[in-house]
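Student: Starting from the known structure of chain A, fit chain B onto it as the hints suggest.
From first to last, the protein sequence lines stand for chains A and B. Per my numbering: the first sequence = residues 867 to 1492. Per my numbering: the second sequence = residues 322 to 409.
Simulated from the structure, these hints should not be mistaken for laboratory data. You may find that some hints are simply not true.
Below, a list of computed lysine-lysine pairs in the DSS-like style, where the Cα atoms sit at most 25 Å apart [said to hold, decoys possible]:
id, chain 1, residue 1, chain 2, residue 2
1, B, K402, A, K1248
2, A, K1109, B, K402
3, B, K402, A, K948
4, A, K948, B, K376
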Amino acid sequence: MASTAAQIHLIRPSFAPNPTRTTSKSGFFGTSVSFTTPKSSLPRLRKCSNRRNHSLRVAAEKVVGIDLGTTNSAVGAMEGGKPVIVTNAEGQRTTPSVVAYTKNGDRLVGQIAKRQAVVNPENTFFSVKRFIGRKMIEVDEEAKQVSYNVVRDDNGNVKLDCPAIGKQFAAEEISAQVLRKLVDDASKFLNEKVSKAVVTVPAYFNDSQRTATKDAGRIAGLEVLRIINEPTAASLAYGFERKNNETILVFDLGGGTFDVSVLEVGDGVFEVLSTSGDTHLGGDDFDKRIVDWLALSFKNDEGIDLLKDKQALQRLTETAEKAKMELSTLTQANISLPFITATADGPKHIETTLTRAKFEELCSDLLDRLKTPVQNSLRDAKLSISDIDEVILVGGSTRIPAVQGVVKSLTGKDPNVTVNPDEVVALGAAVQAGVLAGDVSDIVLLDVTPLSIGLETLGGVMTKIIPRNTTLPTSKSEGSGKKQDITITGASTLPSDEVERMVSEAERFSKEDKEKRDAIDTKNQADSVVYQTEKQLKELGEKVPAEVKEKVEAKLEELKKAITEGVTQVIKDTMAALNQEVMQLGQSLYNQPGATPGAGGADGPSEASNKGPEGDVIDADFTDSK
Amino acid sequence: WTNSNKEWDAAHETYSDRETCFPGSSSDRTVLGLPLTGPLKIEDVKTAFRLSALKWHPDKHQGPTQAIAEEKFKNCADAYKSLCNALV
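Okay, chain A solo, but in the shape it has when bound (with noise of 0.2 Å):
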C-alpha cells in the first residue's frame, strides 16, 4: 500500500494548523519522509494548554491508552514502568461498546446496556463504530444488519434513531459515551485524572473515520492526543520488551475489521512497513452467517421470517456469538432459542446443533476474504513470508480455529500466542501514551497509513494529499476482487458548530448524571445512617442519657423528613447534623464512669458517614470492647 505524496492540499480547515509531514512506505528499507510546510500553530497551542495544566493542577495526570473496538473496548495505561489492562467499574479488562437507552430516559453504557439489549433492541447501539465517519451510502448494507434504525441526514451523514428519548444521534456522540465510561471507570481505578489518552483506530480507517474518533473524543471532554494504528498498536505492546530486530506480521481481525500490518522492529524503534485489510469484515460477520443459517431454516420450517423481527434478531445474534466462541474450543455447539416468536398455532423454538464444519462452511467466503490483504501486506513491504520472524494475532476473532488455519497455511508458521488478542491493542495505546506523556523513553513509532488521503504520521499530524472527487479502490475490492471505486466528495463527519453543540450537551448530561447518582446516593447514605441511629438507640437502651438521646432523634426525626422531601443537599446537611449528635452520644458513654465505651455500634453511624460526601468526622478515642 504504498502511498505516494503527490500533491499536498488540504482539505478540512479543522487540520489545517497542524504541521503537515507526510510520510509514505517507499523502497525496501523503511518509511520516506517528505515534510512541507512544517510551521504549525496547534501544537503550540497544545504546549500552552499543557504548561497552563501544569501550573494550575497538583494533580498528577495520566494518558491513557483507548482501545475503541466495534465489540469491545479497552483501556491500559503505563503502571511502574509496564503497560497495564486497567479494569472497567465492573470489574471487566474489557467493556462492550453498547450504549442504550431505557424507556425511561435512563442512559447505559457497557454490559448493563449489551444485557438488556433484547427487550430494547431499537434503543440499544452497538457496532456503531461500522458507521462513524460514514456516508450513509457507504453504510447500506452494515445498517440492515443492526437493530436500531440507521438514517440519513441532510448532509447524507449516518444518524441513528433513539425512539425512547426521540433523537438521533451521530455515530460520534455514541462513541463518546462508551470513551466517557471508560475514561471515569479509568480515573477511578488509577486514583488519578485521565483527560488525555491515545484512541486506536483500524489502519484502514481513512480520513473521515480518524477525525470522526477524535471528534468523538471530543465530545467526551476528552483530548485525544494521537490517534493509532491498531495492529502497530499491538506491535508496541508485544515488541515493548523485546530488543532484538524482527520483522513481524500483525494479524488483526477484531469484531468489525480486518487489518494485517508489517513491521520492522529494533532498538526500540517500530517502523511500520506496509499495511493493508477490509473495513467490511470482521467477527461480526461471522455471526451473521450463523444468524442468516439459523433464520433461514427457520424459514424453511416455519415460514416466518424472523430476520424482520428486531427482538428475535436481538436474540439470534447474541446466540450466534456464544455459538462461534463456543466453536473455538469445542466442535460443535447447541444452540437453543426457546419461544423466539409465536403463530396461531402457538410459541415457536429453536433448538439445533452447529458442528465447526458447518460454521466454517458457512463462513468460507469470508475465510477466503483474509487471504489477499496477507499476501498484499507483504509484497507492499517487499518481503516474502520468509522474510517475517513472527506472525502476532490480535482481535477476538483470531480464537477462531479455522481463522488460525488460514494463518498458518499463509505464512506457515505458528502463531505467536504470548499476547492477549483483546488486550494488546490497548496495551499498545498504553505504551505510545507513555511516550507521548514521557514515560516511555526508549521506543519511537514510525508509522503510515495506508490510504493516501488524511495520513497522520509521525507527529500525530494530518496531511491531505488526494484533493476531493478523487476516486480510490476502497477496501472491498481488496477482499472480493471486484473492482469498486468509491469517490470523495466531501466530509462524512461532522461540522466543528456541530460538534461543539455536541460537547456542551454532553458535559451537561453528564451534570445531570453526576447530580443523579448523587442524589441516589446520598438518599441510600440517609437511610443506612437512620437505620444505624436507631439501631445503636435501641441496644444501648437506658445507657443513653436522655438530653443526648432527645438531641439525637430529634435531628433523626430532621433526616427523615428530608429523606422523604428528597432535596439532596438537606439531606446532606441534616446528616451531618445528626452524624454529630451520635458522636456526642459516643462521648457520653465513653465519660460515663464504669461505662463499655463505643458498645454496639457507636462506630456504625459515623462510620458511614465518613463515606458521606460530608466527611468532616471529628475522631473519637474509642476503643472496641468486644
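Tutor: Then chain B, alone, in the frame of chain A:
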C-alpha cells in the same frame, strides 16, 4: 568522484559486493553520524537512523524543543531515505 563511483557500481557491481562500495553523500552520512567515506552497510545505516529517531523524533520532545527536533528528525529521515536508495 561520487558520480563516477556510481557508474562503476552500475557497470560492475554484483549483488554480493553491493555493500562494499562507497555510496551516499557525505552530508547524508554526517546527518546520521556515519563515517564520511568508506564502505557502508545497510544495517549500519539502519542502526544510525534508529538512534537518531529515538533522539530527535518529535514525540520525544513535547516541550519547546519540539520544533527544532522536528527539523532535525526530518533531516535524519531524508538522509536515511537517500542513503537507502543509494544502497539499493
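Student: Each hint should be assessed against the structure and marked as holding or not.
Tutor: So, going through the hints one by one against the coordinates:
no.: 1; hint: B:K402 with A:K1248; result: 16 Å, holds
no.: 2; hint: A:K1109 with B:K402; result: 23 Å, holds
no.: 3; hint: B:K402 with A:K948; result: 33 Å, violated
no.: 4; hint: A:K948 with B:K376; result: 21 Å, holds
In the structure shown, a violation is registered for the earlier hint numbered 3 alone.
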